[in-house]
Structure formats: C-alpha cells, structure tokens
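Chains as they are written, first to last, in my numbering: chain A, 57 to 195; chain B, 622 to 1149; chain C, 25 to 297.
Some hints here could point you the wrong way.
[What the hints assert, rightly or not] Distance condition first, Cα-Cα at most 20 Å in a straight line; then the derived EDC-like pairs of lysine to aspartate or glutamate:
hint, chain 1, residue 1, chain 2, residue 2
1, B, K1011, A, D115
2, B, K1016, A, D118
3, C, K209, A, E128
4, C, K218, A, E128
5, A, K82, B, E766
6, B, K1011, A, E128
7, A, K82, B, E948
8, A, K82, B, D949
[Stated by the list, open to error] To spell it out: a stretch of chain A is covered by chain C in this simulated footprint if at least three of its residues, at any positions, have a beta carbon under 8 Å from a beta carbon of chain C; those stretches are:
hint, stretch
9, 101 to 110
10, 155 to 161
[To be verified] Across the chosen pairs, the derived CB separations fall in these ranges:
hint, chain 1, residue 1, chain 2, residue 2, range
11, B, S1078, C, G148, 45 to 51 Å
12, A, M143, C, A88, 57 to 63 Å
13, C, D78, A, A101, 58 to 64 Å
14, A, E91, C, E72, 55 to 61 Å
15, C, T204, A, A101, 34 to 40 Å
16, B, L959, C, R208, 26 to 32 Å
These aren't lab readings, by the way, just hints derived from the structure by calculation. Built from N, CA and C at the ideal position, the CB exists for glycine as well.
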Amino acid sequence: MSDNLQVLLLDDEPIVGRRLKPALAKIGCEVDVFEDPELALAKMAQKEYDVVVTDIRMDQIDGMQVLEFVRERWPRSKVIMITGYAMMSLAREAMEKGAFDFIAKPFKPDDLRRVIAKAAHALGSDIDFEAVEVEKANG
Amino acid sequence: MVESPVQGNGQSPPEMAPQATEEAEVQGRLGLARDAEQARRALLNRPRFSVRLQIFLGNALAFFIAIAIAIALVASFQRMESKIRFLEIVNDYVMEVEQARRFEKNFFLYGTNLSDAQDNVFKAENILSRNAEELADIMGTGWREQMLPNLHRYQQLLEKLGQQPQGEQALSKKERLRVQSQVRAQGQQMVSAALGLLSKEKTALTEVLTRSRQLLFYSVGLLLLCMGLNAYLLGSRMLSSIGRFGQYANRIASGDFTPLTPTRRYRDEFTELALAINSMIEELEKREAVLVQSHKMRAVGTLTAGVAHELNNPMNNITLTAHMLQEDYADLDDEERLEMIDDVVGEASRAKKIISNLLDFARESGSQLEPLDLPELLRETIALASNQIKLSGIKIDFQTSGNLPRVHGDSQQLRQVFLNLILNAIDASSKGGHIQVLVLPADEPNYLAVKVMDSGSGIPAHILPSIFDPFFTTKGKGKGTGLGLSVSQGIVAKHGGRIMVSSQEGQGATFTVVLPVTTIPAELGAKR
Amino acid sequence: MPLIIVSADDFKQGDEISQKVAGTLGYRYLGRDLLHYVATENQVSEEELARALDEAPGLLTRRARRQRLLGLIEAACLNVLLDDNVVCFGLAAHMYVRAVSHALKVRIINEPEQRAEELAKAEGLSVDKARKQVLRQTKEERRWSEEAYNLDQTDASLYDMVISLGTLELDKAVEIISDTVGYRKFQPMTYSRKLMQDKALAANVRRELMGQFPEIRVEANDGTVVVFIQSLKKDQRKKQELVRQIAGGLPGVRHVEVHIIRDLVGQAAQSSR
C-alpha cells in the first residue's frame, strides 16, 4: 500500500493522459491512464482508487455511467468529472449522482491539481500542493 | 411505410419559343446567369408595332370607310335631289300644258278659254325659264332646243286659232280644221315629250336609289368586315401575348429565372412588360441568393455552438501540453520537449481544421458548377454536423454503392441542402435514435438519389403537403425559420433535381433528393 | 454551501424570509444595505439605486442611467456572492446569477386574491380596485425585468423553487428553503465557482466601462475578457483602444478582446441559461 494517492484518469484524448500523468505525479499521485472506458471499468472492478477523474462524454460509455459504477463499487472514492460540454443541468446531475467536483475544459494542470488536493483533503490524506507552487515560483 | 410522396417542385418549365437557336437554353442549368443585358437588347432591337398603333389603324380605316360611305351617300342624295327637282319642274310644266290642252279642248268644243289656254302656255314657258338652271343640269345646255320649239309652235298655232274668223285674214273652215288638228297634234307631242322626260328621269332616279342602297349595304358590310377583322387581329394579338406572359409567370414561379427573350418580330407595349418582368426576375434571383445565404448563415449559427464545443478538446490538449512544457522545461530532455511541441502543433492544426470546415461552409461564394462526388460530399457534410450528432446521442449510418457517377452542381449549395436534411433528422430523433444516409442510383436512369432517413415521430399526413412551403415550420417560436426545406428545394430545383418526402406518423421520415448525373463534359461550361 | 437567491412579489415578505433563512443556516444576509456601500463608492444616491431596482424607467429616466446604476449594483453584489453561504435578496441577483449550479433560486409569491384582499384592507380600497392594482403590480414587475434584463421575472421557469404563501406560511417557507440547501445538486463545484468568478470579473469590467459605453456587454472566461460595444465604423479603432486601456488595467484581467456589434439586446437574449 503506497502512500501515494491512487488516481485513475479516463479520457478518450490521449494527450490528456500523457500530460496529466507526470503533472499529477508531482503532487504525489500514482496515475493509471485509460482511454477506453471498458478497460477502465474492468480495472476498477478489481482495484480501488482514491480519486477517479473521468471525462463526461465519451463515445461508447457515458461518464455518468462510470460515475455511478464507482459510487456503487467504491463509495469512498472521489470522482471528478471533466467535461467539454459544460451545462448547468449536467453539472447538477453529476453532483446529484455523487460527483465530488466538476471542471470544464479547457483547464490548466494546476486546476486539476487543486481539485485533487481538495479531494485528498476530503479523504483525509492531504497532499503537498504547495510544493509545486514553490517549485514554480523558484523555477 | 406507406409511400405518400410529396414532390418539391422541380419539373422542367415549359420551353419558350426561341428567337434564334442560339438563344434557347436548356432548363435546369444552375447559376448560368443569362446575360440580362443581352435579352434586353434583343427585346428592344425590333421594329415597333404597338397595340395602340393597331387600334389606331383599325379605327382610322373604319373611319375612312365610314367617311367614304357618307360622302357617297351625300353625293347620291344630291343627285337624287336634283332629279326630284327636275321631276317637279317637268311635272308642273306638264300640268300647265295639260291645263292648256283642256282649255284648247274647251275652245274646240265651246269656242271659249282660248286666252286661258294661252295663259297656261305662257305659265308653262315661265316654269321652264324660271328653272332654266335645273333643267340645264339634267338635260344639258341644249334643253331649250328640246323643250321650247314644241311649245312655241303650239303657242303660234294657238295664236293663229285666236284670230278672228271674219275678215280677209279669216281662215276657211278647211284651214281652220287643219290648224285645229295641227294644234292637237302639237299639244299631244308636247305632252308626250314632257311625259317622256318625266318617265326617263323617274327611271334614272330609281336607278340612282337602287345603286345607293346597294352601295350602302356593301360598304356597310365592308365596314363591318374591316372592323371585325381588326377586332379579331387585335384580340388574338393581345390574347396571345397575355397567354404567353401567363406561361412566363408559371415558369418563373417554378423557379426558372432565365430572362425573357423575343418571340415575335416586332415589339410593342408588351415588350415593356417583358422588360419589367426581366428586371423583376433579376431581383428575384438576387433575393433568392440572399435567402439561400441567410439560411446558410442560420445553419452556421447552429453549427457554431457545436464547433465551439468540439474545439474544447484540442484547446485543452494544447493548454495542458503547453503548461507542462513550461513547468518541466528544464527537466525534460530534447526528445520529450520536441514530442510535446509536436503535440501542440498537431492539436493546433486539428483546431484549425475544425474551424476551417465551418468557415468553408459559411463563406459566401458565387455559384460554381463542377462535377461532384456525392458520397464524398455527404461524408463532409456529416463531418460538419458531427458535433450535433455527438451531442444528441444519435447514431448516424452512411452507406453508398461504389462507383457512382458524378453529379453536376455547386458543392457549397448541395452541402447546405444535405446539412439541412441531416439537422432536421437530428431534431426529429430522440437520444439513442438512428439516422441513415444512403447514396445510390435513383429509379430513373441518369439520376442519383440521396436518402436521409430518421426514426423519429414522423410527419402527420395533414402537414406533409406544406413542409416545402416557405416559412412553414412546426418548431416553436424562435427555433425554426421554416426556410430550410423551401430553400433546399429551390437549390435542388436549380440543379434540375427534386426533393421528395415520405413519412408516416410514428415511423420517422425519409427525405429523398434526386439529382441528375453530369452529361457529356464538353457541353458543360459552354454556356456562361 | 450554496448561494440562496430570493425573489419575491412582496418586498417585506422576501426580506423577512431571506433574513430568517440566513439566521437558520448561519449564512450571511445580503440585502438592500449593500446600496449604501454602492452609493458611497460611486457617488450616487441610495434613493436612485433603490428606484432603479423597483421602478421601470419612466419617460424622464434615461435608460442608460438606469442601466448604469443596475450595473453598479450587480458588480458589488457579485463580488460578495463569490463567497459561499450567502442569502441574497432585493438586489435583482436572480436576474444575473444564471447558469450557476450552486445558486438556489427561490421565488416567493402570493395568491393574487389574497394579495388583493390585504391590499384592499391596508389601503381602504374596494376589492375590485385592489385586484386591478395587483394585476398592475405584476405587470410592472414583468415590465421592469424585461426592460432591464430582457427576462420575465414572474416566469416560474427561471427558478429552482417557487413557494406560494397561500397555504404555506412564511416560517414553513423558511424551513423548506433551509432544507433544500443540503441537496447535493446545489453544492458548489470548481466549475460553478469558476463561473461565478467569471461573472464577477465581467461585472467589474462592465462597471468601469459603462460610463463611456452605455450599451455594452461583457463576458469573461478565466481572465480573458470579451467586450461587445456598439460603434460607428469611423470610431471603431479609437473605441477599441479605449476599452483595452480601461479594461486591461483591472485586476484579474489578463487579456481583452473588443468586438463591435450592432444588436446587443438580441444577442444577449440568446445566451442561454
């Protein structure tokens, strides 16, 4: 059992995973990246993640279905929804289904990091977000 | 599904009579803007024979005939008048002479009234001399020689008779008897001469009357004939023009905006009408272009929201990559950095493609005819609408038979038509629905058919005939303009094709667009 | 914790309910007191501000002036609403806080018959006359909101909850609202907070520009500000420069875009919930 936050990132855009994996690694997250919702669900059936970050609109399986699955299977996990099609009704629906937070594309790596820090805090295992800030200020 | 095909009007308009073969144009060709100026010049370049002129000529002819008749009649009347006058005179003369003869008879019987007889003779001569002019008119200047000698001889004889029976100059009984018979004979002759004249003139008068009557009948008949003929010519000229313009109106209503060209060898007031209609046609064409463009802009508006969403992904990718590149610049090696920059460049061009797809569709373009690959066009159109499709959760299925011939048309405008049908299908379908797009050869030879089928709630039978009407929409206020199908129909008609719909309530709708295949390339681009 | 925005057809009732809800939940109450702050900050009179909120502009009031006053109120209000846990009433917030999922919008209404009766009693009118006056008041309300924000504030579909004080008493209404606040759907999210920040930024920029450009629309997204103004072709360049200058200096503004638009109202009406 690692101390790192276990994060699953699901988005059908490959670049998202490629860039966010190192970005989140910096704040102490171990990220498993998936582009195919089926595979992600299969993995989640076995492994509990602390935080699940998923896109809302994907071709075969809806992000909402992923959200429902996670809430059902791992109630402790915090699910964060990412979306390019931001609508208020969608946001409220996600909240109702138990999402922890909701961010809209386009976003910066820091935006996600901040939210994950919030999620970590809610989980009781704070992560050192400031570390990154300090690094940026120095670098 | 019961086929209740409603046709968008794309039938070929009636052919117009060409003035010269070079001016006849095949209907249904899109966008070849006829030289309106050319039409105008041709219309004006003819001798003018106006309706007004024809009316004027007809009336003038009738007028002249009437005047001629009147003059002839007046002349006749004058002749008749003088003849009647003559008859009166001669009648008076005969009366006097007969009165004289009665007195002569009396004298022979009773020996009295000789002076009366002489009086009458004298009166008779007066009558003649009083009316010398009229007599001269009828009988000529030699009338005296005709009339007077007899009279004078009679006069002389009477005088002789008046001489006293006694005395030396007394006539013997024998002589007396001789004179008497001479007088009688002369008197007789006078009377019969006068009566002869009378009857001659009466005959002449009757003839004149008859001739006048005949003349009147014939000339009135001629007049009526002329007027009738003129009316007929005028009427048929106007009616044929009006009928022709009626045909033009139908032709224009069916969407054919070719200018009117000359069909007769002269020009007149209807030519002005034709010129006015030509300028109206130009205006209509311009407005239709505006309508098509504004409808397109509306489609662009619909698509723009989708495009904005579609752009989120490349933008997000660029943002994430650029930020990470910024953050980790020092720690990354060259290869990694290059990879990230490649990603940025790739995503930027992806964004560009999304935008340029829309811009290409939106840009204002003059009509450009070219041979088109319909399946490719459909694929592009589906790509344009891909966002609406994704957003609505509908599946779209595209099928085409291979090796289809090309269609001659304007890719921009046809794209607009297909986009309209696809967007309508999306609107009609609910989440999870299914849209099918097919391209295949049509039932008729040399035509291709594009079918867009949705599995929505269908179109009720009572609405079906109106859906191609302009401004007809079943969407709520502010949602549909009702322009889509009518504009699309106009575009397809200009391509020489037609749009048909068949639908049953509860079973979705199928829109079929039938377009003609390109003909021999050499023929294209010849007419500009 | 969500924002609660209350709109009422009777000012006193709305005020009372809002204060009670704030009290129950321990939230801050934001009401007409804000006008005092706005008045001082911007050198306008409190009465004028209150009038702008209550009355549709008559012939004498210039529309531009009224819009400016409302713009000042909007900016000040949004800045406060950036924090959560606020109950807001009397500042027309239900008109401009839209599409924010953590804003619970409540409308308090009275049955027209009841209103007429109370009005008749209070002002000694006949019930008939009172009824007519009630109708007129509703019309006035509608007119005001359409004039100022192109929306009909009496339209129930603008709200998450409409409570009629016919059968439900005032205190019951307070209870209902306080209970609903816990509903997950109204919890703030990064996304909705960002929306509020964008709105506040846009309102601030608009406040600065309104003096020069009475007909103006501002949208903000993450520090990028897009300004829509009306202008004649010849003044375009100058005006764009001016806008960039003024807006660029404001805090939170990273980039300014200026667009010239002809039909502002129509465009604004189309931007959705």
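Do the hints match the structure? See the list:
Note on K1011 (chain B) and D115 (chain A): the hinted pairing holds, with a Cα-Cα distance of about 8 Å set against a maximum of 20 Å. For the hint linking K1016 (chain B) to D118 (chain A), the alpha-carbon distance of about 15 Å falls within 20 Å, and the restraint holds. Using a Cα cut-off of 20 Å, the hinted pair K209 (chain C) and E128 (chain A) holds, with the two alpha carbons roughly 18 Å apart. Of the pairs offered as hints, the one joining K218 (chain C) and E128 (chain A) is violated, with about 29 Å between alpha carbons and a cut-off of 20 Å exceeded.
For the hint linking K82 (chain A) to E766 (chain B), the alpha-carbon distance of about 159 Å lies beyond 20 Å, and the restraint is violated. A hinted pair counts as satisfied when its Cα atoms are at most 20 Å apart, and K1011 (chain B) with E128 (chain A) does not qualify at roughly 27 Å. Our distance criterion of 20 Å between C-alpha atoms is met by K82 (chain A) and E948 (chain B), whose separation comes to about 11 Å. For the proposed pair K82 (chain A) and D949 (chain B), the alpha carbon gap of about 10 Å is at most 20 Å, so the pair holds.
With a cut-off of 8 Å between beta carbons, the stretch 101 to 110 of chain A has 0 residues touching chain C; three or more are needed, and the interface restraint is violated. With a threshold of 8 Å between beta carbons, the proposed coverage of the stretch 155 to 161 of chain A by chain C holds, since 5 of its residues qualify and at least three are required. The hint said 45 to 51 Å for the Cβ distance between S1078 (chain B) and G148 (chain C), and at roughly 57 Å that hint is violated. Checked against the hint of 57 to 63 Å, the pair M143 (chain A) and A88 (chain C) fails, with Cβ atoms roughly 34 Å apart.
In this structure the supplied range 58 to 64 Å holds for D78 (chain C) paired with A101 (chain A), their Cβ-Cβ distance being about 60 Å. Here the CB-CB span from E91 (chain A) to E72 (chain C) is close to 59 Å, well matched to the stated 55 to 61 Å. For T204 (chain C) paired with A101 (chain A), a C-beta distance near 36 Å keeps the hint of 34 to 40 Å intact. Our hint of 26 to 32 Å for L959 (chain B) and R208 (chain C) is violated, since their Cβ atoms are close to 45 Å apart.
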